[in-house]
Amino acid sequence: MDRYHNEKHVITASLSLKLTENIELFENIMQDCDDIITGRFTVGKANKTDIYLAYTDNMIDRMILQRDLIGNFIYHMDDLPVFNQFEYLKKRALQSADVKELLTMDEITQAAISGDVIILVDGYDKALMISLKSFPNRGIPTVETEVTVRGSKDSFTEISAFNKVLIRRRIKDTNLKMVNMTVGIRSRTSVTLSYIEGIADPGIIGEVKKRLDSFTIDGIFDIGMLENLIETKWYSLFPQFQSTERPDKTASALLEGRIVLLVDNSPMALILPVTLNSFFQAADDYYNRWPVASFIRVLRYIAAFFAMSFPGLYVVVTNYQPELLPTSLALSFTAARQGVPFSILVEVIILLLAFELLMEAGVRLPSPMGNTIGIVGGLIIGDAAVSANLASPMVVIVVACTAIASFTIPNETFLSAFRIVKYLILILSSVLGLYGFILGLMLVLIHLADLKSFGIPYLSPFVATNLEKDHPLSDSILKFPIFKMIYRPIYSTKENKRRLSRDKSNRSTED
Amino acid sequence: MFSNNSKISDKQMKKMLVFDMISISTLIIPYIAASGAGKDGLISIIAASAAAAVYGLVMLYFCKRIKCDYMEYCRQTLGRVGTFLFGMFYLVKFIFSAVFVLTLFMTVIHETILPGTNRTVILISLILVSVFYASKKMEVRARTVEILYYLILIPLLLLFLLGLYKVNLSNLLPLAVTDSVSTIKTSYAVFLTFSALELILFATPSVTGEDEKNKFKRKVMQAVLTTSVFNLVVFVIVTGLLGTSGAARKIWSTISVMQMIEIPGGFVQRQDAIMLCLWLVTIFTVTSTLFHYLCSVTKSITGLRRQSYILVIYAVLLFLIVMQPLNLDTLFDYYGKYIAYIGFPQSILLPGLLMTRSLTKVSKDAT
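Protein sequence lines, in the order shown, are assigned to chains P and X. Going by the working numbering, the first sequence opens with residue 1, and the numbers climb by one from there. Going by the working numbering, the second sequence opens with residue 1001, and the numbers climb by one from there.
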């Protein structure tokens, strides 16, 4: 808190009718902000008045500013009246539809540093804001983490306004609401709450707003920070929101009755509520043929199980229950471990950790060096470790298969949970064998059964099937044909469940 | 938004009942039926199932009359002191059941999967996970069972059925060779494995909605039927493979049979481990159910509110009891006698007495 700001970092100093006082106040608040460009002009011929203009360098469209704004002020203000000069300037001088009056110094400073142009007029304790935003940006990028073979390739970007456009292009419905909110008392980050009225549950919308208002923070810079602030089970490894960089996935979620949060400067959208099932859905499941999509979905579920349990299972069959396997296979496992000085648990943990290090290094390395890490890690470390008898070939296979299995999960945040869970199951398996393995799975299952996302059980649609009577499993492990997915899933209001109807009389007579 | 009301559906209740009943019955019914009635164990199981259906209807009748939480009804009818005494009967029963169940499971796990591991470690882990599970609300327990229901029952059933072609019919037939008294006694013993149906009294208030309560009758009957079918399959397989003397040799003769069944394909050598894995999952539902109701009754009779403290107390208490050098066969014998002479009669008499007292109280107030 300082002499201009209160404890919530809102500027409380009031505006004056005198331009000089307002300028002094503004420049004191913006002291040492050398990127704020200001200018003072006298406009009018017979009746003159002083105006003061301010904006942030490189955040506005300079050409429009100079041509349409400053040009008008200098050359077209001959008829400036004596009274109502503010209104005159607003209507005649500013050739822009996006003009707003600002009544407080807090709004004025915020507008100036957010990429708008503010104009103070002598004799008035208010200002005009003209939106001439033109941020440096990287355009509409291509998807990087949720790559699909079919479907659109555009991705969200850091500019929230662009992201809203990407969604609007896909849903041209007047009921698609975009409610702007501000989070962070210093960062004043723009957060947009988007939903389709009539489909999204009003209770959930209210709950989201309540949670967004439930904290005061300096600033947020990414959707991940917002997620951490508004989730309830913060200690859970499993995400209670779904993040995506794909606009088509976001639009699809909105049509299912879910709610989307967009955060300025974050190239992802946050979708809620969420269920375990939604993390196994990929965008191209809906663009491909349904048997293929179903097959791949089943594969993902199996892969998720292996991603979590494969190392633990390996320890069980080598340490406690080798009789589970055929004798020849058990013998080859044992032979492969000949000369390895570590216990199986230590061996598996070393290789798992080595893989984790490789993954982290691969993410941080600049892309020209990324290939090198693949060669170094995969060939040199893996091969050398086996040759030096530090690890058995079987463990290398187990770790590699675990990694491959985990990468089939389309959502990165969800798959991160498996990176930790597998260690828990591994340790329990190494202490208590098959019994410990089951204990681990039970603990995970109980935890998942306890999780809820805005009141919806995390394990839906596999549990609480009485809540969703109409084809609850049509988009779960198997993906039904699109014409069979008549009803929206559990998220939507009961009044608007139906999303597809077919006119039988208009069906093709081909068959 | 969806409500957070700790209510479950009748389907979920049914699945929980099935798990509570089959987790133990699968293991011990072949022993009980074969040792008591030999080949006529089959008839005993069928008779017991019919009796269980009637017992379920009786429990449902009590629920219909009670209409609210059972211990709350006790308090309204008997007052605090009466409720305390009433509650003690149930606490003793649940504690004894928990001791038996924990000892049985600990022994089975120790002797089949972890022969080299200290029993204390097995017991501690079993209790800890059960307590963790019991600390969750009814909804969570119901959802867990919902997920596991088909994942466990279908593979288990299929694995048992794989042993069908090895069954020696002479081990099962002819029927009606044992004296009727033994058959009836065995029927009663088998029927006692359905005693989890008593939990309907405690659980019904958690079943949501009036409609669900009416459908609940059908679901309870389905639960009894599912359990009975399972028991019959297990008995047929176990006795068919081992014979009546083999089945009667050990309390968990089912485990011995699991080792005899072969899975085609030859990828897995020791399939009993897989079957045990599947069965192991069900034990947590039983143990957590017992912990849950111990907690629930204790809260009602003592007025304590913090569930976590109560769970810890019972966890420690049960650990100390189970760690005593108890012979499983002796414990099984005592537990069987307790349930037969006290446990089961109490499950009918106590609600019956309660209802009678309530009726007399109502007519007294009316006059």
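Any given hint could be a false lead.
Covered by chain X, according to a simulated footprint, are these stretches of chain P (three or more residues, beta-carbon under 8 Å) [to be verified]:
| id | segment |
| --- | --- |
| 1 | 27 to 34 |
| 2 | 428 to 436 |
| 3 | 442 to 455 |
If you're looking for bench data, these hints aren't it; they were derived computationally from the structure. All values reported here derive from a predicted model rather than from experimental measurement. We treat Cβ as the ideally placed atom computed from N, Cα and C, and that holds for glycine.
| query | Out of the numbered hints, which ones does the structure contradict? | reply | The structure breaks only hint 1.
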